[in-house]
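Number of protein chains: 2
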Amino acid sequence: MLADLDALRGIGAVETGVVRPAYSETDRLARAWLVERMEAAGLAVCVDAIGNVFGLPPGEDKCILVGSHSDTQPEGGWLDGAYGVIVGLEIARASLERGGPPVACVSFQDEEGRFSSLAGSRVWAGLMSQDEADESRDVTGLRLGQARLEREGLPASREVSPDRFSAFLEIHIEQGPILDTTGERIGVVENIVGIRTEKMSFLGEQNHAGTTPMHLRRDAFQGLNRFVSLINERLAEVAAPATVWTVGHVDLHPNANSIVPGRVDFTIQWRDADTARLDRMTEIIYAAAGEAASDLGLEWERFGCDLIAPTRSDAALVEALAAAAAQLAPGKWRRMPSGALHDSACVSNVMPMAMLFVPSRGGISHNFSEDTDRDDLALGGEVLAMAVARLGERI
Amino acid sequence: MLADLDALRGIGAVETGVVRPAYSETDRLARAWLVERMEAAGLAVCVDAIGNVFGLPPGEDKCILVGSHSDTQPEGGWLDGAYGVIVGLEIARASLERGGPPVACVSFQDEEGRFSSLAGSRVWAGLMSQDEADESRDVTGLRLGQARLEREGLPASREVSPDRFSAFLEIHIEQGPILDTTGERIGVVENIVGIRTEKMSFLGEQNHAGTTPMHLRRDAFQGLNRFVSLINERLAEVAAPATVWTVGHVDLHPNANSIVPGRVDFTIQWRDADTARLDRMTEIIYAAAGEAASDLGLEWERFGCDLIAPTRSDAALVEALAAAAAQLAPGKWRRMPSGALHDSACVSNVMPMAMLFVPSRGGISHNFSEDTDRDDLALGGEVLAMAVARLGERI
Numbered sequence: 001m002l003a004d005l006d007a008l009r010g011i012g013a014v015e016t017g018v019v020r021p022a023y024s025e026t027d028r029l030a031r032a033w034l035v036e037r038m039e040a041a042g043l044a045v046c047v048d049a050i051g052n053v054f055g056l057p058p059g060e061d062k063c064i065l066v067g068s069h070s071d072t073q074p075e076g077g078w079l080d081g082a083y084g085v086i087v088g089l090e091i092a093r094a095s096l097e098r099g100g101p102p103v104a105c106v107s108f109q110d111e112e113g114r115f116s117s118l119a120g121s122r123v124w125a126g127l128m129s130q131d132e133a134d135e136s137r138d139v140t141g142l143r144l145g146q147a148r149l150e151r152e153g154l155p156a157s158r159e160v161s162p163d164r165f166s167a168f169l170e171i172h173i174e175q176g177p178i179l180d181t182t183g184e185r186i187g188v189v190e191n192i193v194g195i196r197t198e199k200m201s202f203l204g205e206q207n208h209a210g211t212t213p214m215h216l217r218r219d220a221f222q223g224l225n226r227f228v229s230l231i232n233e234r235l236a237e238v239a240a241p242a243t244v245w246t247v248g249h250v251d252l253h254p255n256a257n258s259i260v261p262g263r264v265d266f267t268i269q270w271r272d273a274d275t276a277r278l279d280r281m282t283e284i285i286y287a288a289a290g291e292a293a294s295d296l297g298l299e300w301e302r303f304g305c306d307l308i309a310p311t312r313s314d315a316a317l318v319e320a321l322a323a324a325a326a327q328l329a330p331g332k333w334r335r336m337p338s339g340a341l342h343d344s345a346c347v348s349n350v351m352p353m354a355m356l357f358v359p360s361r362g363g364i365s366h367n368f369s370e371d372t373d374r375d376d377l378a379l380g381g382e383v384l385a386m387a388v389a390r391l392g393e394r395i
Numbered sequence: 001m002l003a004d005l006d007a008l009r010g011i012g013a014v015e016t017g018v019v020r021p022a023y024s025e026t027d028r029l030a031r032a033w034l035v036e037r038m039e040a041a042g043l044a045v046c047v048d049a050i051g052n053v054f055g056l057p058p059g060e061d062k063c064i065l066v067g068s069h070s071d072t073q074p075e076g077g078w079l080d081g082a083y084g085v086i087v088g089l090e091i092a093r094a095s096l097e098r099g100g101p102p103v104a105c106v107s108f109q110d111e112e113g114r115f116s117s118l119a120g121s122r123v124w125a126g127l128m129s130q131d132e133a134d135e136s137r138d139v140t141g142l143r144l145g146q147a148r149l150e151r152e153g154l155p156a157s158r159e160v161s162p163d164r165f166s167a168f169l170e171i172h173i174e175q176g177p178i179l180d181t182t183g184e185r186i187g188v189v190e191n192i193v194g195i196r197t198e199k200m201s202f203l204g205e206q207n208h209a210g211t212t213p214m215h216l217r218r219d220a221f222q223g224l225n226r227f228v229s230l231i232n233e234r235l236a237e238v239a240a241p242a243t244v245w246t247v248g249h250v251d252l253h254p255n256a257n258s259i260v261p262g263r264v265d266f267t268i269q270w271r272d273a274d275t276a277r278l279d280r281m282t283e284i285i286y287a288a289a290g291e292a293a294s295d296l297g298l299e300w301e302r303f304g305c306d307l308i309a310p311t312r313s314d315a316a317l318v319e320a321l322a323a324a325a326a327q328l329a330p331g332k333w334r335r336m337p338s339g340a341l342h343d344s345a346c347v348s349n350v351m352p353m354a355m356l357f358v359p360s361r362g363g364i365s366h367n368f369s370e371d372t373d374r375d376d377l378a379l380g381g382e383v384l385a386m387a388v389a390r391l392g393e394r395i
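These protein sequence lines map, in sequence, to chains A and D.
The opening position of the first sequence corresponds to residue 1 in our numbering, with each subsequent residue numbered one higher.
The opening position of the second sequence corresponds to residue 1 in our numbering, with each subsequent residue numbered one higher.
Just so you know, the hints here were simulated from the structure itself, not pulled from any lab data.
Quick reminder that beta carbons are idealized off the backbone N, C-alpha and C, glycines included.
Don't take every hint at face value.
Ranges between beta-carbon positions, derived for each pair [unchecked claim]: (1) D:L216 x A:A44: 40 to 48 Å; (2) A:E319 x D:D251: 25 to 33 Å; (3) D:R302 x A:R302: 30 to 38 Å; (4) A:E39 x D:V139: 48 to 56 Å; (5) D:R151 x A:R151: 31 to 39 Å; (6) D:A309 x A:T275: 55 to 63 Å; (7) D:D251 x A:D279: 51 to 59 Å; (8) A:R151 x D:P254: 27 to 35 Å; (9) D:R137 x A:R143: 36 to 44 Å.
Please put together the full structure from these sequences, using the hints given.
Encoded structure:
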């Protein structure tokens with residue numbers, strides 16, 4: 001089906017390259033290309049107000065929805081998102097051509113969060129209003145509500161009800177090292193981790209780095225250092241193997257060699273598949289922040305935790321994917337969690353969902369060098385097509 | 001002498017305010033104002049190529065040089081530098097008026113390092129060539145060599161040989177909390193600390209913060225955290241009361257909530273009056289960096305240590321200042337080190353020097369709210385004037 005990967009090349013086959021941040025010109029060209037391909041496959045195309053592109057089979061019967069997103073990171077690779085969209089299109093096309101069960105396909109908009117992570121699937125699944133999404137801004141300050149008005153090459157906006165679909169299936173590259181390390185070729189995703197992201201600050205006193213004795217300092221960066229040491233020790237005690245936490249963003253003020261930092265703004269993010277463990281981690285993190293601040297004479301603030309709940313894949317869909325994987329990749333597949341967030345997590349709010357992973361070479365993603373063996377890309381598509389065909393017969 | 005502080009107000013009495021980064025329009029206006037005041041006081045004015053402004057008494061006899069700098073931080077207060085310049089001008093003026101010993105005054109250029117810290121006194125004292133200074137750039141990329149060419153309102157460039165002077169005396173606000181905390185009014189500076197500033201990096205592997213298990217991470221920020229914990233513990237074991245160390249600048253890459261940092265660039269700065277202790281601290285710091293990197297599977301780099309050697313004040317000058325302080329502020333003065341760098345440190349390369357401090361309210365400096373009691377400002381000037389008069393008689 002995907003043996004020659006022509007379709008995957010096609011989605012990025014526009015003059016300015018394959019990088020497609022949401023609502024960029026290349027993203028619009030890719031969506032216009034998708035619209036053409038969907039129509040050529042005999043699907044009815046709807047592009048909703050936020051820019052999600054649906055290809056619907058003829059008739060009004062409930063059908064399975066297969067897809068992912070075609071927008072990319074600013075320096076993203078060729079597979080992150082586009083792979084799942086093209087597999088969706090190919091399964092929908094092939095099923096229609098062969099008289100199989102009705103299958104629809106989709107490319108969600110702004111999964112990568114140029115404006116707001118998963119904006120397209122969030123709005124579609126009723127987890128965020130269009131008005132709320134419209135207020136989100138990219139790094140230049142542009143509002144999503146402004147950016148989405150440019151629809152050159154796309155049909156007039158038309159909404160698609162989630163009621164039309166019986167299930168959502170998404171195939172994606174793993175974006176992590178597990179399958180690549182074990183040499184397995186297929187991952188059946190049993191759940192998607194919950195993510196909590198908190199922006200915090202330690203506030204001390206900005207001072208001269210030469211004239212302020214150590215014992216009179218209230219150094220905000222030392223507060224962060226104490227905090228990180230405390231959480232490393234305490235989170236390790238409650239962590240499962242897939243539990244992770246990250247301090248990925250740090251801004252020191254005034255960030256000068258000769259000035260004791262008076263303030264540090266930072267984010268701490270923690271992920272786990274289990275809500276109870278996420279709650280326990282939250283307690284540890286807040287307690288450690290309070291303790292670090294108190295030890296060093298600092299104040300601390302937090303600015304509201306961004307919460308994304310863990311999501312379980314639908315058990316019946318998981319078994320269908322597992323059966324297909326066992327048949328087409330015997331001994332070369334595993335059940336696994338997803339440590340990354342995907343559109344599936346949002347869509348699970350309105351219908352059963354499940355996901356498949358193929359390996360990421362070296363675990364690398366969000367990078368131009370992101371890649372996957374061509375055979376694995378083809379195998380992933382075949383496993384998903386087999387599962388969809390069997391599920392479609394049952395519906 | 002400085003009872004009404006008119007002269008101190010005068011140096012900043014220009015339309016655009018009192019902030020005077022080196023070579024800014026306000027800095028030039030302040031220097032032009034100084035030139036006028038020096039001439040009005042009967043001093044011969046020389047402004048050298050880099051922009052240091054000298055006021056020289058008539059005759060060719062060796063004389064004492066008194067002064068500081070009149071450039072300021074971008075958000076600096078009214079006393080940092082200007083105080084010492086105005087006291088120098090007043091002592092030179094008064095000594096000439098009263099037929100006392102010959103005294104010269106000076107305002108050095110770019111002490112605050114818009115282009116390069118202490119650039120004016122460094123070049124004048126032969127510690128840096130004019131060519132080297134000319135290549136230094138401000139944050140906008142402008143070269144000092146370009147900026148210094150604008151001399152509107154200043155006389156043609158003329159060099160002044162350090163051979164003309166027998167000693168340098170500088171009075172400055174403390175910029176720290178010691179005198180303010182103890183309630184003392186005068187500090188006699190016995191030495192200026194040495195400063196070592198090293199730019200370093202930890203290099204790990206940038207990765208997805210959801211899909212990369214903790215044990216497979218090579219998180220550069222965790223390397224910095226380990227490093228800071230190690231040095232805090234080990235430097236405390238060798239520290240004297242005035243020893244300080246600071247991580248004041250940190251840049252994380254790519255600095256995103258959901259990405260394991262692949263690189264962190266930072267500076268570590270350490271200060272002490274004793275070269276042997278500075279050397280021991282250097283060893284501890286490099287060893288800790290290597291250990292942190294090795295523990296966490298990182299690489300580390302350092303980009304060359306910026307070294308400023310500790311400086312001792314001249315013993316005879318210190319005793320002259322101490323005698324005047326004991327007479328005018330009995331029980332209200334102390335001998336102390338300077339944790340901040342000053343022009344005096346450079347000038348000590350070519351002549352004996354010593355410094356006086358007056359208190360900084362709340363220890364605050366490099367801030368618009370920097371301030372000192374008017375009585376303390378006047379007292380500092382009187383102590384310095386008394387010491388200069390006695391030293392001048394001896395020469």
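We went through each hint and held it up to the structure:
no., hint, result
1, D:L216 x A:A44: 40 to 48 Å, "holds (45 Å)"
2, A:E319 x D:D251: 25 to 33 Å, "violated (49 Å)"
3, D:R302 x A:R302: 30 to 38 Å, "holds (35 Å)"
4, A:E39 x D:V139: 48 to 56 Å, "holds (54 Å)"
5, D:R151 x A:R151: 31 to 39 Å, "violated (59 Å)"
6, D:A309 x A:T275: 55 to 63 Å, "holds (59 Å)"
7, D:D251 x A:D279: 51 to 59 Å, "violated (34 Å)"
8, A:R151 x D:P254: 27 to 35 Å, "holds (31 Å)"
9, D:R137 x A:R143: 36 to 44 Å, "holds (37 Å)"
The structure fails to meet hints 2, 5 and 7 from the earlier list, while all remaining hints are met.
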